[in-house]
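Using the sequences and the hints, build the whole thing.
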Amino acid sequence: VTAAPVRVPQVDVNDVEMVLLDWRVEHGARASKGQVLCVLETAKATHELESEAGGLVHRIAAAGSTVRVGEVIAWVGATLAEIQTEIAAQRSSPSSTDSQSAPRDEAGPRATPRARELALEHGLDLEQIPHQGELIKERDVRDFLAARGAAPASSAAHQQPDTPLPAQIAQLVEDQGELPRHKAAVARHLAATQAEIIYATIEVDVSLDRALLRLEEGGSGASLFHLVLHQTARALRDFPLLRSFRRGQRVWRWKETALAFTLVDVERDHRLVTPVVHRADTLSLEDLAAECLELSLAAYRGELAAEKLSGGAFTVSMLTGLEVTRFTALQNQFQSAVLAVGSPRERVVREDFGDFAVERFLTLTLAYDHGLCDGYYSGSFLARLKQALEDPDSAFP
Amino acid sequence: MSVRADEFGDGLLDEARNAGEPRALVWEPRAPLVVLGRSNQAERECDAEACRALGIPVVQRRGGGGAVLLVPGMVVVTIAGPTGESRDAGKLFCRVNKHLASLIEGLGAPALAHGGVSDLCLGERKVLGCSLAFSRGFALYQGCLLVDCELELVERCLRHPSREPAYRAGRSHSEFLTTLKQAGSTLGAEQVRAGLERGLDAAALRALFSTYAPEACAP
Numbered sequence: 001v002t003a004a005p006v007r008v009p010q011v012d013v014n015d016v017e018m019v020l021l022d023w024r025v026e027h028g029a030r031a032s033k034g035q036v037l038c039v040l041e042t043a044k045a046t047h048e049l050e051s052e053a054g055g056l057v058h059r060i061a062a063a064g065s066t067v068r069v070g071e072v073i074a075w076v077g078a079t080l081a082e083i084q085t086e087i088a089a090q091r092s093s094p095s096s097t098d099s100q101s102a103p104r105d106e107a108g109p110r111a112t113p114r115a116r117e118l119a120l121e122h123g124l125d126l127e128q129i130p131h132q133g134e135l136i137k138e139r140d141v142r143d144f145l146a147a148r149g150a151a152p153a154s155s156a157a158h159q160q161p162d163t164p165l166p167a168q169i170a171q172l173v174e175d176q177g178e179l180p181r182h183k184a185a186v187a188r189h190l191a192a193t194q195a196e197i198i199y200a201t202i203e204v205d206v207s208l209d210r211a212l213l214r215l216e217e218g219g220s221g222a223s224l225f226h227l228v229l230h231q232t233a234r235a236l237r238d239f240p241l242l243r244s245f246r247r248g249q250r251v252w253r254w255k256e257t258a259l260a261f262t263l264v265d266v267e268r269d270h271r272l273v274t275p276v277v278h279r280a281d282t283l284s285l286e287d288l289a290a291e292c293l294e295l296s297l298a299a300y301r302g303e304l305a306a307e308k309l310s311g312g313a314f315t316v317s318m319l320t321g322l323e324v325t326r327f328t329a330l331q332n333q334f335q336s337a338v339l340a341v342g343s344p345r346e347r348v349v350r351e352d353f354g355d356f357a358v359e360r361f362l363t364l365t366l367a368y369d370h371g372l373c374d375g376y377y378s379g380s381f382l383a384r385l386k387q388a389l390e391d392p393d394s395a396f397p
Numbered sequence: 001m002s003v004r005a006d007e008f009g010d011g012l013l014d015e016a017r018n019a020g021e022p023r024a025l026v027w028e029p030r031a032p033l034v035v036l037g038r039s040n041q042a043e044r045e046c047d048a049e050a051c052r053a054l055g056i057p058v059v060q061r062r063g064g065g066g067a068v069l070l071v072p073g074m075v076v077v078t079i080a081g082p083t084g085e086s087r088d089a090g091k092l093f094c095r096v097n098k099h100l101a102s103l104i105e106g107l108g109a110p111a112l113a114h115g116g117v118s119d120l121c122l123g124e125r126k127v128l129g130c131s132l133a134f135s136r137g138f139a140l141y142q143g144c145l146l147v148d149c150e151l152e153l154v155e156r157c158l159r160h161p162s163r164e165p166a167y168r169a170g171r172s173h174s175e176f177l178t179t180l181k182q183a184g185s186t187l188g189a190e191q192v193r194a195g196l197e198r199g200l201d202a203a204a205l206r207a208l209f210s211t212y213a214p215e216a217c218a219p
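Quick note, the sequences are listed as chains Z and V, same order. According to our numbering, numbering within the first sequence proceeds without interruption in unit steps and concludes at 397. According to our numbering, numbering within the second sequence proceeds without interruption in unit steps and concludes at 219.
Derived by calculation from the structure, the hints in this document are not laboratory data. Glycine residues also receive a C-beta, built at the ideal position from the N, C-alpha and C atoms. Please note that the accuracy of each hint is not assured.
Unchecked claim - Partial pick of chain Z residues on the chain V-facing surface, computed with a CB cut under 8 Å:
id, residue
1, D12
2, E17
3, L21
4, L37
5, A43
6, A45
7, H47
8, E48
9, G221
10, S223
To be verified - Which residues of chain Z face chain V? A partial, calculated answer using Cβ under 8 Å:
id, residue
11, V16
12, T42
13, K44
14, E52
15, A53
16, E323
17, V324
18, T325
In structure tokens, the structure reads:
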């Protein structure tokens, strides 16, 4: 398990709620297995809650708050990126609300929240599970499943049963095992988002000659990708629908223009990370480049703070170094648009006096939610962005 | 016995943890001392001005519950022992208080009743209060028995608690608390201390922390 929730334990029959007195581990700090994470208080007793595994601690509940038995108050995982992925997966799971608070008041045997979840995953009635002591634990459920010959689900990431392959296909392929947990979580999260979006794309070619010249002269440390981020953030000021998203019949707009950008950590099984540059539209190009560098380094170290992984209103994606000319990207959760930036390339163009010249350019592909805005609106945004990139004076004050 | 910080738990908890067995300490305060519960705010629970003026120190314990004023004539029982994965405060309160009640009654005190979450009472008035702290597989029980003590200081030093059990029903400290002496007992604090110490020998302590078996909660 790479990221696991820390839940309020069931300490006795009468206490449904407790007060989280204080945290003993800083948010974002590492804890070792068995280390005390926090102190909880019931009516007359305090309880030190220890970490069941070592890893980074992502705190959710605030000290002084009242928490319910079974509620997730923190996550512990190998990296914050994995924790964020798990949190996103939990939120997109229809059963997440139920799993956050263990049913304590209903009739039936007492069980730990994890035991209840596992029993639910396998359609088991808690009454049928033999156990020692007064509480049914996760181990009891797993033992029961093993005894009856069912493989316990290894995690919440694998809740859907595997569909058997048609026989004529099965004989032609080899089983490669389950998806890695983080990839399964990303897949679930993207699938949930895409289920809500009416997916459409639109694209434009952008001439780069002037922009690249200015970048080479500028000495700001900014790259072409930083320039695209910078101008995208500014252009988004006038296109609020592209920094909004739909949920059912309602539209939600992000209060600030925070831009997420994609990183693929090739050293760690090509894990996808999307750090967020907050208030990107207020940063100078130089400051934005510095922020991106800091975020990238933190991401590769697996030390991105939680707030640097959430709150993105719009995502910019670039497949750096692959010479991919154009591609389409999928929107992230709670966003409606994503801009895919192709690699720069060259083309021959006719100049004003009829001469031919070689020009550098790239292709921008915007994926948007047609349920929220139409092609004209999205095209207008791309036209504004193209204009800003081709006339980059505004980026170099 | 002088009052030391580790008598509020940490020392005994460490001792029990090192030994892997329960340990108990029964003692009588020699000077007034305010002990706050783990989450208590001093300014909310006690009159800091009065405590300062009277030279009464204010300390905080590991366990939950409200503030208490310890004075001579009370007996404090501190017990630490292994609980493993169990965090069932209700069961441990029940088991320890039941044992203490039998010991106190065995010394000749009137019959005690269970009150609130974890009190022992004479009628509707509290004569013993206690708290628990669970820490890495061990529990620390701390109880305070009012044997033969003056309760005037309690009204002066402690405010009405921020939380109270239903059976207190808004009563002031002097209306809510009582002592064994007020109930007609002639037992002195030293006599009770010695009796409880005898009754909390190694075998009794092991029994308190042995595997849970269902039992009635009424002492």
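The hints, checked one at a time:
no., hint, verdict
1, D12, "holds, 4 Å"
2, E17, "violated, 13 Å"
3, L21, "holds, 5 Å"
4, L37, "violated, 12 Å"
5, A43, "holds, 5 Å"
6, A45, "holds, 4 Å"
7, H47, "holds, 5 Å"
8, E48, "holds, 5 Å"
9, G221, "violated, 49 Å"
10, S223, "violated, 50 Å"
11, V16, "violated, 13 Å"
12, T42, "holds, 6 Å"
13, K44, "holds, 4 Å"
14, E52, "violated, 12 Å"
15, A53, "violated, 16 Å"
16, E323, "violated, 56 Å"
17, V324, "violated, 53 Å"
18, T325, "violated, 59 Å"
Hint check: violations occur at hints 2, 4, 9, 10, 11, 14, 15, 16, 17 and 18; the rest are consistent with the structure.
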